[in-house]
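Go ahead and model the full structure; you've got the sequences and the hints to work with.
Protein chains: 4
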Amino acid sequence: MIKVTIWNEFLHEKTEEKIKAIYPDGIHMTIAEFLGKNDDFVIRTATLDDPDCGLPQSVLDDTDVLIWWGHMAHHRVPDEVAARVQSSVLRGMGLIVLHSAHMSKPFTRLIGTSGTLKWRDGDKERIWCCNPGHPIAEGVPEQFVLDPEEMYGEYFDIPQPDELVFISWFKGGEVFRSGVTFRRGYGKIFYFRPGHEGNPSYHNENVQKVITNAVRWAKPIKRIDELVAPMTEALE
Amino acid sequence: MIKVTIWNEFLHEKTEEKIKAIYPDGIHMTIAEFLGKNDDFVIRTATLDDPDCGLPQSVLDDTDVLIWWGHMAHHRVPDEVAARVQSSVLRGMGLIVLHSAHMSKPFTRLIGTSGTLKWRDGDKERIWCCNPGHPIAEGVPEQFVLDPEEMYGEYFDIPQPDELVFISWFKGGEVFRSGVTFRRGYGKIFYFRPGHEGNPSYHNENVQKVITNAVRWAKPIKRIDELVAPMTEALE
Amino acid sequence: MIKVTIWNEFLHEKTEEKIKAIYPDGIHMTIAEFLGKNDDFVIRTATLDDPDCGLPQSVLDDTDVLIWWGHMAHHRVPDEVAARVQSSVLRGMGLIVLHSAHMSKPFTRLIGTSGTLKWRDGDKERIWCCNPGHPIAEGVPEQFVLDPEEMYGEYFDIPQPDELVFISWFKGGEVFRSGVTFRRGYGKIFYFRPGHEGNPSYHNENVQKVITNAVRWAKPIKRIDELVAPMTEALE
Amino acid sequence: MIKVTIWNEFLHEKTEEKIKAIYPDGIHMTIAEFLGKNDDFVIRTATLDDPDCGLPQSVLDDTDVLIWWGHMAHHRVPDEVAARVQSSVLRGMGLIVLHSAHMSKPFTRLIGTSGTLKWRDGDKERIWCCNPGHPIAEGVPEQFVLDPEEMYGEYFDIPQPDELVFISWFKGGEVFRSGVTFRRGYGKIFYFRPGHEGNPSYHNENVQKVITNAVRWAKPIKRIDELVAPMTEALE
Chain A
759 MIKVTIWNEF
769 LHEKTEEKIK
779 AIYPDGIHMT
789 IAEFLGKNDD
799 FVIRTATLDD
809 PDCGLPQSVL
819 DDTDVLIWWG
829 HMAHHRVPDE
839 VAARVQSSVL
849 RGMGLIVLHS
859 AHMSKPFTRL
869 IGTSGTLKWR
879 DGDKERIWCC
889 NPGHPIAEGV
899 PEQFVLDPEE
909 MYGEYFDIPQ
919 PDELVFISWF
929 KGGEVFRSGV
939 TFRRGYGKIF
949 YFRPGHEGNP
959 SYHNENVQKV
969 ITNAVRWAKP
979 IKRIDELVAP
989 MTEALE
Chain B
759 MIKVTIWNEF
769 LHEKTEEKIK
779 AIYPDGIHMT
789 IAEFLGKNDD
799 FVIRTATLDD
809 PDCGLPQSVL
819 DDTDVLIWWG
829 HMAHHRVPDE
839 VAARVQSSVL
849 RGMGLIVLHS
859 AHMSKPFTRL
869 IGTSGTLKWR
879 DGDKERIWCC
889 NPGHPIAEGV
899 PEQFVLDPEE
909 MYGEYFDIPQ
919 PDELVFISWF
929 KGGEVFRSGV
939 TFRRGYGKIF
949 YFRPGHEGNP
959 SYHNENVQKV
969 ITNAVRWAKP
979 IKRIDELVAP
989 MTEALE
Chain C
759 MIKVTIWNEF
769 LHEKTEEKIK
779 AIYPDGIHMT
789 IAEFLGKNDD
799 FVIRTATLDD
809 PDCGLPQSVL
819 DDTDVLIWWG
829 HMAHHRVPDE
839 VAARVQSSVL
849 RGMGLIVLHS
859 AHMSKPFTRL
869 IGTSGTLKWR
879 DGDKERIWCC
889 NPGHPIAEGV
899 PEQFVLDPEE
909 MYGEYFDIPQ
919 PDELVFISWF
929 KGGEVFRSGV
939 TFRRGYGKIF
949 YFRPGHEGNP
959 SYHNENVQKV
969 ITNAVRWAKP
979 IKRIDELVAP
989 MTEALE
Chain D
759 MIKVTIWNEF
769 LHEKTEEKIK
779 AIYPDGIHMT
789 IAEFLGKNDD
799 FVIRTATLDD
809 PDCGLPQSVL
819 DDTDVLIWWG
829 HMAHHRVPDE
839 VAARVQSSVL
849 RGMGLIVLHS
859 AHMSKPFTRL
869 IGTSGTLKWR
879 DGDKERIWCC
889 NPGHPIAEGV
899 PEQFVLDPEE
909 MYGEYFDIPQ
919 PDELVFISWF
929 KGGEVFRSGV
939 TFRRGYGKIF
949 YFRPGHEGNP
959 SYHNENVQKV
969 ITNAVRWAKP
979 IKRIDELVAP
989 MTEALE
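Chains as they are written, first to last, in my numbering: chain A, 759 to 994; chain B, 759 to 994; chain C, 759 to 994; chain D, 759 to 994.
Quick caveat, the hints were computed from the structure, so don't treat them as lab data. Just so it is clear, CB atoms sit at the ideal spot from N, CA and C, and this is done for glycine as well. Heads up, a few of these hints could be off.
Some but not every residue of chain B turned toward chain C, in silico, with C-beta under 10 Å [claimed, not checked]:
#, residue
1, Leu-769
2, Lys-772
3, Thr-773
4, Pro-782
5, Gly-850
6, Met-861
7, Asp-881
8, Gln-918
9, Asp-920
10, Phe-928
11, Arg-942
12, Gly-943
13, Leu-993
14, Glu-994
Written out as structure tokens, the structure is:
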């Protein structure tokens with residue numbers, strides 16, 4: 759069993775009709791629905807307005823892989839929640855960071871950079887796989903189209919990723935490192951670029967396939983209680 | 759001083775009028791001309807039809823950085839010449855691999871993969887920098903256009919590069935890892951995607967800037983005589 | 759099911775009594791025995807003296823992960839067999855390279871470097887994990903000892919690995935990148951340093967655990983028939 | 759000219775006689791002395807007890823490469839100073855992190871991990887180069903000894919480095935990734951393991967050579983004013 763917690767800011771979907779039409783119960787519920795088709799996934803959701811953002815330590819301790827979508831309210835996530843997520847990743851929890859969460863507190867704390875990028879609403883995206891042997895690319899075609907989608911363009915201020923899996927092309931003239939992995943401590947992180955709240959990308963079967971694969975890939979090998987710097991005896 | 763040897767297959771330019779018009783004395787001479795503006799570069803050229811491809815061991819031993827352009831006659835480069843180049847790189851010589859040399863013998867021997875990719879003549883290319891702090895990107899704008907240029911598209915069968923410096927966008931819908939570095943042994947390798955023999959890309963100031971920067975970056979730190987697997991005494 | 763083929767040079771074990779005592783039926787049979795405890799592994803062996811080295815294309819096409827041990831007869835492996843293995847890896851087959859196979863033809867063709875290193879018989883080795891979240895390290899302690907083992911020391915002439923999983927310490931004063939991964943084409947490669955034919959390292963439970971994990975990690979995501987460089991139509 | 763600012767916590771050297779004997783004017787002044795032999799370096803120092811830690815924005819803006827040594831008072835560096843250093847690195851400033859600064863605020867903010875490791879006072883260290891073609895290794899022997907030195911051992915909680923240049927061996931049985939590079943934003947970071955305040959490692963010629971090389975390597979290619987996420991117009 760893989761325990762998945764899907765965190766969503768869940769603000770756009772409550773106030774904007776156009777977005778509500780795409781994700782009636784919130785982006786998190788759409789993700790929960792397609793992930794729920796996997797019999798070995800146990801799924802929970804949490805949102806910004808839940809007490810403690812729905813992410814007390816007990817939930818994180820019971821989570822194998824955390825999915826994070828946020829956009830307009832990154833600043834409303836308390837620093838202690840972001841620190842708790844960061845610590846959980848270092849101690850083994852997997853983290854999947856979606857779209858506008860490139861500037862979320864948990865992600866930027868873990869990568870150490872600003873996460874800034876170029877953007878523009880309403881473009882056409884084609885996602886290419888440049889690492890077809892990677893587990894996250896399993897069953898995904900060599901390229902697929904999302905139209906319309908928001909454009910995200912380089913320079914994307916992230917560290918050099920451990921692995922580059924997808925690169926996006928945009929009709930408007932930009933490219934973007936769209937699927938990238940980072941290891942931090944005992945935990946694995948996958949950033950995936952789609953989808954803008956105003957576009958139905960989480961209903962796309964290839965986007966769903968990538969996120970499903972990423973959950974399996976990010977599952978912890980080992981969880982530890984604490985990262986310490988111990989004084990040790992000589993071995994010889 | 760940096761000793762640069764520019765190797766060119768030099769076949770297209772001798773037989774096709776359209777190409778001769780762009781590179782009257784061969785691609786190697788155009789590259790020699792713009793690199794020659796650097797007072798600290800000592801430049802030599804060599805071509806396929808020279809005895810021993812113009813690359814006897816003595817020339818390689820006297821070369822800090824070798825530039826390689828080839829296309830239709832990769833198979834005519836003798837295996838022993840390719841092996842000599844490979845060995846020189848492992849022992850410290852820098853190597854800059856241009857455009858269609860992605861399938862040249864020296865490059866594929868050094869990377870271990872096929873170097874295959876998608877291609878199409880006559881597209882429009884925009885090259886984006888995704889590593890603006892890299893020495894090879896110094897003074898190069900965040901993006902620049904080559905129009906027309908041949909399209910090269912993913913999946914590009916190369917190992918994960920040590921560093922990804924440039925990504926290309928093509929109007930026809932493709933993306934490509936256009937500027938990538940690899941370390942092999944004591945030597946440094948830079949692959950750079952432009953330019954097709956039928957397009958004037960080596961006359962482009964940004965392409966020239968990148969290749970010039972790459973020469974400085976690929977200059978050896980150290981040259982060694984031989985890579986051996988020595989039996990050694992215990993140190994303690 | 760994961761189809762594993764274990765290739766062993768199988769020369770030392772037939773002629774040297776001391777080695778025969780450790781691996782009576784050959785190193786390949788000891789590896790086959792411990793891997794065989796996994797119900798989902800289907801195991802085959804092949805050796806240098808088999809026709810076509812036991813590795814005709816039909817066997818490679820039916821192999822998910824190939825394990826390779828060789829030492830004194832690298833030169834006796836025909837180039838066409840090495841090329842066949844290389845091509846199979848690029849098209850998806852996993853490859854696990856053991857100990858002295860660091861200078862085997864399939865490995866050096868795939869990495870592009872010489873594979874040279876320092877060595878000395880009869881040292882004490884301690885293998886440390888520096889990537890505890892990696893699937894190949896699952897269930898392996900933070901360090902374990904092999905005593906005696908042959909020393910392998912830096913500089914190890916390999917490309918920068920995609921992932922560094924283990925580093926060895928030797929009593930005689932050396933260190934070594936002992937567990938390293940490389941992706942080539944659609945295939946995954948893991949090099950693991952132990953064990954010398956004169957030491958019983960393949961009877962060690964941690965060595966067995968690492969190799970077992972590596973088989974699961976190297977299993978192909980996708981196999982393809984051919985790597986080609988196709989001319990393609992514009993998508994837009 | 760390369761403008762170097764050397765930051766030192768400067769506490770041990772003021773209160774402990776044994777340490778004062780090794781670094782009479784502080785570790786920063788010893789580093790300033792050997793770096794000062796380079797005619798093209800302009801050197802400044804700053805310490806914890808200086809106003810604003812000696813690192814107001816004006817100093818950082820006038821610094822090409824910042825060197826950081828800290829140990830017992832990481833917590834006394836204000837968060838705003840650490841944030842200022844982080845931001846300066848992302849916008850191009852080089853950073854060299856020494857020894858116990860593995861847990862300093864600027865470093866852990868930039869790498870996103872805890873920086874924890876094993877440690878023990880009074881061991882013998884041998885530093886091996888595993889990347890002899892790297893500019894930071896120029897002129898450094900394949901291995902050199904520091905005896906005594908404090909032991910630092912794996913698992914060292916850092917992200918996978920962009921480049922691994924040095925690995926340490928310790929007589930007590932440990933290994934350590936001792937020289938590692940990270941790119942963050944427009945800036946370059948080098949972590950180097952020596953030296954403990956109670957050992958004279960910064961008087962060692964090879965340690966001095968490595969730090970000198972690192973300064974040249976970390977020099978900015980480009981400085982920018984701000985990292986922003988701009989909305990942009992379509993290019994085509």
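Okay, the hints, checked on the actual structure:
1. Leu-769: violated, 19 Å
2. Lys-772: violated, 24 Å
3. Thr-773: For B:Thr-773, the interface hint is violated, since the closest Cβ of chain C sits about 21 Å away, which is over 10 Å.
4. Pro-782: Given a least distance of 28 Å, the restraint on B:Pro-782 is violated.
5. Gly-850: violated, 12 Å
6. Met-861: holds, 7 Å
7. Asp-881: holds, 7 Å
8. Gln-918: OK, holds: B:Gln-918 within 10 Å of chain C, min 5 Å.
9. Asp-920: With a closest approach of 5 Å, the B:Asp-920 hint holds.
10. Phe-928: holds, 8 Å
11. Arg-942: Result: holds, 5 Å to nearest chain C Cβ.
12. Gly-943: holds, 5 Å
13. Leu-993: holds, 3 Å
14. Glu-994: Since the shortest Cβ distance to chain C is 5 Å, the answer is holds.
Of the hints listed earlier, those the structure fails to meet are numbers 1, 2, 3, 4, 5, in rising order.
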